[in-house]
Structures are given as structure tokens and as C-alpha cells.
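Chains A and B, in that order, give the protein sequences.
Heads up: the first sequence is residues 1 to 325, going by the numbering used here.
Heads up: the second sequence is residues 1 to 325, going by the numbering used here.
Bear in mind the hints are in silico, worked out from the structure with no lab data behind them.
Note that the Cβ used here is the ideal one computed from N, Cα and C, for glycine as well.
Be careful, since some hints might not be right.
[Claimed, not checked] Listed next, with one range per pair, are the computed distances between beta-carbon atoms: (1) Arg169/B x Thr6/A: 34 to 40 Å; (2) Leu4/A x Arg207/B: 19 to 25 Å; (3) Lys129/B x Gly312/A: 32 to 38 Å; (4) Ala122/B x Ser160/A: 45 to 51 Å; (5) Glu36/B x Gly312/A: 39 to 45 Å.
[Said to hold, decoys possible] Derived SDA-like pairs (lysine to any residue); straight-line CA-CA distance at most 25 Å: (6) Lys129/A x Asp68/A; (7) Lys130/B x Ser71/B; (8) Lys97/B x Leu117/B; (9) Lys138/B x Ser323/A; (10) Lys129/B x Ile182/B; (11) Lys97/A x Arg44/A; (12) Lys138/B x Thr99/B; (13) Lys130/A x Ser323/B; (14) Lys95/B x Arg44/A; (15) Lys138/A x Gly179/A; (16) Lys130/B x Pro74/B; (17) Lys97/A x Gly280/A; (18) Lys73/A x Ala29/A; (19) Lys138/A x Phe94/A; (20) Lys97/A x Pro58/A; (21) Lys129/A x Ile100/A; (22) Lys95/A x Pro74/B; (23) Lys129/A x Thr99/B; (24) Lys130/B x Ser323/A; (25) Lys138/A x Ser323/B; (26) Lys130/A x Thr99/A; (27) Lys129/B x Ser323/A; (28) Lys73/A x Arg44/A; (29) Lys138/B x Glu110/B.
Protein chains: 2
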Amino acid sequence: MTDLPTDVEIHEEGPREGFQIEPGPIATADKIRLIETLAQTGLRHIQVCSFVNTRLVPGWADAEAVVDGFSAKPGVEYTGLFFNGNGLDRALAFKHKLTINGSISLTASEGFTRKNLNRSHAENVEAMKKHSALQQAKGVAVTRIGVMAAFGCNYQGDISPAEVISTLRDGLAIAAETGAEITLFSLADTMGWATPARIERVINEVRSRWPDMLLSLHLHDTRGLAVANAHAGLKLGVTRYDSTVGGLGGCPFAGQPKAAGNICTEELVMLCEEMGIETGVDLDALIEAGRLAEAIVGHQLPSELIHAGSFGCVPAQGGVTRSSD
Amino acid sequence: MTDLPTDVEIHEEGPREGFQIEPGPIATADKIRLIETLAQTGLRHIQVCSFVNTRLVPGWADAEAVVDGFSAKPGVEYTGLFFNGNGLDRALAFKHKLTINGSISLTASEGFTRKNLNRSHAENVEAMKKHSALQQAKGVAVTRIGVMAAFGCNYQGDISPAEVISTLRDGLAIAAETGAEITLFSLADTMGWATPARIERVINEVRSRWPDMLLSLHLHDTRGLAVANAHAGLKLGVTRYDSTVGGLGGCPFAGQPKAAGNICTEELVMLCEEMGIETGVDLDALIEAGRLAEAIVGHQLPSELIHAGSFGCVPAQGGVTRSSD
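Work out the full structure: start from the sequences and follow the hints.
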């Protein structure tokens, strides 16, 4: 009795998440080099930049230069993040090169909505109605509902599955009102509150209501449980994951200045491949990409795997180790 | 349908594993302070030192001073590691304070046996016969068979479940020949080759042969999968785990100079408690102990949880964060 998927779709967000949080600046050429290296690993979905307010996120002032600069590999889908009409217009200027997917983005926590967006959940619902309509008016299909803080919140505490359900219902109401057809729910553990038990509770509740909806997990390793959470998701048959090479990213939230970033792509890939779940990714090539990312940011990244390397043997020579276990 | 245990027994090995690998020296008083702090967290099994050859492991030259120095808390079991008669004699000098358990220690990998002990598996079996008899002659019951490299080996590659079974059989033969009654198999992922899939394969094979034997997992986070591996173990009903506070430890093996240490006790505790599995440990007190360990060693430890803190809220004030997921 298993729900294990035969394969999963990994969405690499290292370039976008990682270079957004680094004190930087990271050279445009380095960003391009990492994107092109990642495309050679077998990854087929790479988020390459964020079209955000340059004043708020100076690390992405060069978004256009990055998108313009990298050589796209056929078969790989490249995306750019946007939050509003201005960001969308900037993305649309590269529609020959980027895949542009529309989204309704909500948060299961009122406290985090206020912190993150300076508005109430009700105000955010209204804003998302306009944003959904705007995206479609510009020819971008809105197919995804994203729910941030789906497993807990630094500003509000525990988030119940009922709050996630309620948020998804709000998203579906926005979609219905604006004529969007939703095919994907993305559940984000924005502040690292997920645990395998919480993943199971939320996924089971969502599944019981929308059994046919495609689900995606966006996991952070803030409290060290990201890979265990992915393991729980895989056991439940969740087939889509966001991740970042090397564990790029980090946590900009209060009280967690040294917290880890997203789940490491390479640890996720190793987990899947070992479970017999195909990722399409060459693990050793990905580990090399993680090492490149580490060299680019100039400090140790959270990934253990890029430091240990994948399974491989070394000659038994040199001193005796005297290990006990 | 679940095999989830109601509670688990955690064996804290941070003081022994951690201070063995640090370039040090770590002050004896600091070791004692960490041991006493750990005993206040609810942990009931703490390995406090290693009675090893001081030339090979200079970090434990002060084993006697540490054991002599800490104040034992009633109800907490303190142990010291030993490999041979000399180490056992040093431990027995503190039998009023230490719990002394006998063990038969083998390795599922011939390559690692040679590297670690400079002997063949067959020679190690002979040595363990003598060691088992010696322990019992000194009044120490031998109840445990430990198998190192049970999930893979840097010097030999994959280790099959059949090799683990064969090693356990060798251990049981030693026990039978020397009159030892074995109640526990400890399976160690010495070089970080375990994955949830490998854990499942090995545990299921062992269980099918010895359904009533108590099993223990000793996990390393070398490739970032330790918590996921513990999750797999818990799902299979494994009730005993070794771990180190803060993820103290590290990997002395070839090719892995920056590799992580053991599974973090605090991440294991959070995982269990969230699954409804009792550990008896106060997570926040344990996180404070991890922070003390980090202060003592003077560099960042691998634990994410000691940096992020346990679940807790902060007031929603300050700047807007503009997170996307």
C-alpha cells in the first residue's frame, strides 16, 4: 500500500531565492553562469529572477540583464517571479524566453499577511481579484493558487488545516469571480513550521476536499526538517516540489537571522532517486552546480550533500580512524 | 495502519562524539557544564566520554576528570565509550557513576573494518569473541550487537541488507559462543549512506528474521538526510536513537572534511513530539543546551533548530518583508 509517485517535478528556485537574500552584490555574469550550469543538470524548471521593486530587493536590480544574458536550453522552462502589473510587464518583455504562469497568492496567516504585505487578508483577497483579472487581461492564464505560511507562522503561531482550507476556498472564489481555471495548489512553509506530522494533516485535509488537484510543496529548512517533510510529502504522493540548489536562500524573518534557506535540490533529488522516484536530474552534476553556487556567494551553503559528495568510494589508505559507530 | 511508537529512547552522544572531533582543546569544565546542562533537559541517557587511547584521541585525555567532575542527576544514565579491556577498566573505576553496558561491535563492510581497525572481518570476529568474554569476566553483561556501516561505506560502496544480516549472524554466533544474551541490535550509518529507502530495506530484512529484537539507529547527517532517515525509522516503529545535541560530531572520513555530524538531538525531538511520540525532553531547554555547545566549540554547529528556535511568535512589527512563498 503506497502512494509513492513514479516521478516528481522539481522547480529550481536557487537563482531567484538565493541571490535575493545574499548581501551581495552578486555579479550578473555569475547569476547567468549558475542558471546555465543548472540547465545542464537535467532540471527542467528554473526560476531565474525576480521582477520586483529594485528599492526593496536591490539584489534583483539586474533582472533584465540576467534574463537577456543567459542562453536558454531547449526543453527547459525558465520563469521569473512577479507580484504586480509592473513586474508582469517586465516579465512579458521576455515572453519569448520565459514561461509566464499566472498565480493567485494568499497567506493562511492574517499576521503574516500584515507583516509581509501591510494589508489584511480581506484586503489581500481584493488585491488578488484585481491581480487575477489583470494577469488574464494581459493574456496570462491564472492556474495556480499559492498559500504562504500553510504550516505555521512566526507572527501568528500554529496554522490549522482549516485555515489552509479556508484560504484555498478564498483563492477558488477569486478564481471563479475572475474566470481563472485553477489546476495547482502550492503550499508554502514560508517560515519553517512544517513537520512530517503537519504535512500529513494539511495534505490529507486538502486532498479530502479536492482529490484531483495537483499539489506542490515549497519547503524551507529553517528547523532542519525540510528533507523529512519532503519524505512525508512523497509518501503521500505529492509530485511537485520547489527547492534551491545548495540550499540557497535563507530566512528574512524576525528572530531567525542565521536560519537556513529552502530545501536543497540535491538532497531532494537523492531522497527521490533512492526511493525509486525519477527526477530526471544528474545528481553529481547538480552537486557541482551547488558547489558553484557556494563559490559564487562566497560562504558555506547549508547543503550537506555538496560537502560530502554523493555516494562514492575512496581507497582505504592512510591512518586508522578508530570510529565507534 | 501505523507502526508509530508511543515513545522513543534517545541516547545523547554529543559530549563524547562532539568533543572527540573538535580541534580543541575543550576545557574539562566546559565538557562538564554541557553534560550537566543536558541532564536538565529531560534526556535520560548521556554518553559523557570516551575511554580511548589518549594518543589516538587527545580530545579525551581528560575522560577521568570529566567523569569525576560532573554531578550526576538521579534517573539519568551516564555511559562512557570503551573498545578494549584497558578502556573497560578505566570505565569500571567509575562504576558507581557510570552505567556500563557490554557490546559486540562489528562492521558490515570489510573495507571499513580494515580502514578503521586495521584488521579483516574474520580477525575482528576473533577479537570480538575475546572482548565479549573479557567484558563478561569483568562482570559486564554483553547485550548489544553494533553494526557499523550498515547502510553503505565510503571504502566499499553499497552495503546490502544481506551483508547486514550476515554481520548480525556473526555477532550472534560470538554471543552464543561466549554466553552473552543479546537484546539489542544497533545499526549505525557510520559514513552517511542511509536514505529512507535504505533504512526501510535493512530494517525490514532484520525484522523478518528477528522480529522481537530491540533495534536502535545511529544516524549521521553527512548527506543531509538524517532527519528523513529517523522519520523512516519512526514510521517502522524503531524506538531507540543515538543523536548529538547541536549536531555535534563530524566526519573523520576521507573525502568529507566539511561533512556534518550526527543527527541533531533537538531536530529528532521536534520530529518525534510533532508525530505524537514522547521523548521526555523539554525542547526549548535542549535548544539552549545546543546553543551552549555551539558557544563551547566556538563555531557554528550544523543544527538548524538552535539557530531558528522552536515554534514561537514574534510581534509583527518593523519593515515589510515582501516574501513570495
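Tested hints:
1. Arg169/B x Thr6/A: 34 to 40 Å: holds, 36 Å
2. Leu4/A x Arg207/B: 19 to 25 Å: Roughly 20 Å apart at Cβ, these two residues keep to the hinted range, so it holds.
3. Lys129/B x Gly312/A: 32 to 38 Å: This hint holds: roughly 34 Å between Cβ atoms.
4. Ala122/B x Ser160/A: 45 to 51 Å: Check failed, 59 Å falls outside 45 to 51 Å.
5. Glu36/B x Gly312/A: 39 to 45 Å: Given a distance of about 41 Å, which is inside 39 to 45 Å, the answer is holds.
6. Lys129/A x Asp68/A: violated, 31 Å
7. Lys130/B x Ser71/B: violated, 34 Å
8. Lys97/B x Leu117/B: Measuring from Cα to Cα gives roughly 29 Å; hence the hint is violated.
9. Lys138/B x Ser323/A: holds, 24 Å
10. Lys129/B x Ile182/B: The hint holds at about 14 Å.
11. Lys97/A x Arg44/A: With a Cα-Cα distance of about 14 Å, the restraint between Lys97/A and Arg44/A holds, given a limit of 25 Å.
12. Lys138/B x Thr99/B: Holds, at roughly 14 Å.
13. Lys130/A x Ser323/B: holds, 20 Å
14. Lys95/B x Arg44/A: violated, 60 Å
15. Lys138/A x Gly179/A: holds, 14 Å
16. Lys130/B x Pro74/B: violated, 34 Å
17. Lys97/A x Gly280/A: holds, 22 Å
18. Lys73/A x Ala29/A: holds, 17 Å
19. Lys138/A x Phe94/A: holds, 14 Å
20. Lys97/A x Pro58/A: holds, 23 Å
21. Lys129/A x Ile100/A: holds, 18 Å
22. Lys95/A x Pro74/B: Given that 25 Å is the threshold and the Cα spacing comes to 69 Å, the pair is violated.
23. Lys129/A x Thr99/B: Roughly 66 Å between the alpha carbons, so the hint for Lys129/A and Thr99/B is violated.
24. Lys130/B x Ser323/A: Holds - the C-alpha atoms of Ser323/A and Lys130/B are around 19 Å apart, at most 25 Å.
25. Lys138/A x Ser323/B: With a Cα-Cα distance of about 24 Å, the restraint between Lys138/A and Ser323/B holds, given a limit of 25 Å.
26. Lys130/A x Thr99/A: holds, 22 Å
27. Lys129/B x Ser323/A: With a Cα-Cα distance of about 19 Å, the restraint between Lys129/B and Ser323/A holds, given a limit of 25 Å.
28. Lys73/A x Arg44/A: The hint holds at about 9 Å.
29. Lys138/B x Glu110/B: Violated - the C-alpha atoms of Glu110/B and Lys138/B are around 29 Å apart, more than 25 Å.
Violated hints, listed in ascending order, are 4, 6, 7, 8, 14, 16, 22, 23, 29; each of the other numbered hints is respected by the structure.
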